[in-house]
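Based on these hints, arrange chain B on the given structure of chain A.
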Amino acid sequence: DGGITQSPKYLFRKEGQNVTLSCEQNLNHDAMYWYRQDPGQGLRLIYYSQIVNDFQKGDIAEGYSVSREKKESFPLTVTSAQKNPTAFYLCASSIGRGNNSPLHFGNGTRLTVT
Amino acid sequence: ELKVEQNPLFLSMQEGKNYTIYCNYSTTSDRLYWYRQDPGKSLESLFVLLSNGAVKQEGRLMASLDTKARLSTLHITAAVHDLSATYFCAVDPGVQGAQKLVFGQGTRLTINP
Numbered sequence: 031d032g033g034i035t036q037s038p039k040y041l042f043r044k045e046g047q048n049v050t051l052s053c054e055q056n057l058n059h060d061a062m063y064w065y066r067q068d069p070g071q072g073l074r075l076i077y078y079s080q081i082v083n084d085f086q087k088g089d090i091a092e093g094y095s096v097s098r099e100k101k102e103s104f105p106l107t108v109t110s111a112q113k114n115p116t117a118f119y120l121c122a123s124s125i126g127r128g129n130n131s132p133l134h135f136g137n138g139t140r141l142t143v144t
Numbered sequence: 016e017l018k019v020e021q022n023p024l025f026l027s028m029q030e031g032k033n034y035t036i037y038c039n040y041s042t043t044s045d046r047l048y049w050y051r052q053d054p055g056k057s058l059e060s061l062f063v064l065l066s067n068g069a070v071k072q073e074g075r076l077m078a079s080l081d082t083k084a085r086l087s088t089l090h091i092t093a094a095v096h097d098l099s100a101t102y103f104c105a106v107d108p109g110v111q112g113a114q115k116l117v118f119g120q121g122t123r124l125t126i127n128p
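The listed protein sequences correspond, in order, to chains A and B.
Quick note on the numbering used here: the first sequence kicks off at 31 and runs consecutively.
Quick note on the numbering used here: the second sequence kicks off at 16 and runs consecutively.
One chain only, chain A, in its complex shape (with noise of 0.2 Å):
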């Protein structure tokens, strides 16, 4: 079954460490997307991707990082820059520019930094 793939579920981290969380995808889709979720709130995007190769910031940017050196692969990295990374995690995929179908959802990771 196709799908997207985020691991680990829950992730633990003490103040100062960065972290990567992973996010796959079998969709053959284009577009790879990061968001973040906190508690009672809708999501932010903080990067995506449109191609291999090329990313984008998002609107919450800022400690983070990320890559696509495969089309597959989006991993988002949480840096020791980011003040509240505490947060729920979710990867999206669709099939790229220009398409109108829905972004389809990873289970997300859910991060905790202490």
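One thing to keep in mind: the hints can contain errors.
Computed cross-link-like contacts, BS3-like style, restricted to lysine-lysine with a CA-CA straight-line distance of at most 27 Å [stated by the list, open to error]:
#, chain 1, residue 1, chain 2, residue 2
1, B, Lys18, A, Lys101
2, A, Lys39, B, Lys115
3, A, Lys100, B, Lys115
4, A, Lys101, B, Lys115
5, B, Lys18, A, Lys113
6, A, Lys87, B, Lys18
7, B, Lys56, A, Lys87
8, A, Lys39, B, Lys56
9, A, Lys113, B, Lys56
10, B, Lys56, A, Lys44
11, B, Lys115, A, Lys87
12, B, Lys115, A, Lys113
13, B, Lys56, B, Lys18
14, A, Lys44, A, Lys87
Quick caveat, the hints were computed from the structure, so don't treat them as lab data.
Just chain B, lined up with the frame of chain A:
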């Protein structure tokens, strides 16, 4: 800057009743999406609305879009407990072909027996 507002943010209702969730947005768009999220889970796509006057229905849920009023509604008919979840609307501002969806805050719906 596109802003998307949902109301109400919390809704507690009894089984069998009807209710409507509203989604207002601040700039022109003709692409709006509704998603459902169960606690601690991912988002599931419910409806894609792509033109003024679009109406989609699935079971007890019906969504509509009025692009002139910049308003979408999600109507629940004869609610059942299984529909308890958080519902999000998301608007695509159509920037450079990327689907940079802007989400509302979500409406947490609780349906009581």
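Against the structure, the hints come out as follows:
1. B:Lys18 / A:Lys101: violated, 31 Å
2. A:Lys39 / B:Lys115: holds, 25 Å
3. A:Lys100 / B:Lys115: holds, 21 Å
4. A:Lys101 / B:Lys115: holds, 19 Å
5. B:Lys18 / A:Lys113: holds, 24 Å
6. A:Lys87 / B:Lys18: Since the Cα atoms of A:Lys87 and B:Lys18 sit roughly 18 Å apart, the hinted pair holds (cutoff 27 Å).
7. B:Lys56 / A:Lys87: holds, 25 Å
8. A:Lys39 / B:Lys56: Satisfied, since the Cα-Cα distance of roughly 10 Å is no more than 27 Å.
9. A:Lys113 / B:Lys56: Holds: A:Lys113 and B:Lys56 sit about 25 Å apart, inside 27 Å.
10. B:Lys56 / A:Lys44: holds, 25 Å
11. B:Lys115 / A:Lys87: Answer holds: B:Lys115 to A:Lys87 is near 11 Å, not above 27 Å.
12. B:Lys115 / A:Lys113: holds, 24 Å
13. B:Lys56 / B:Lys18: Within the cut-off at roughly 25 Å; holds.
14. A:Lys44 / A:Lys87: holds, 26 Å
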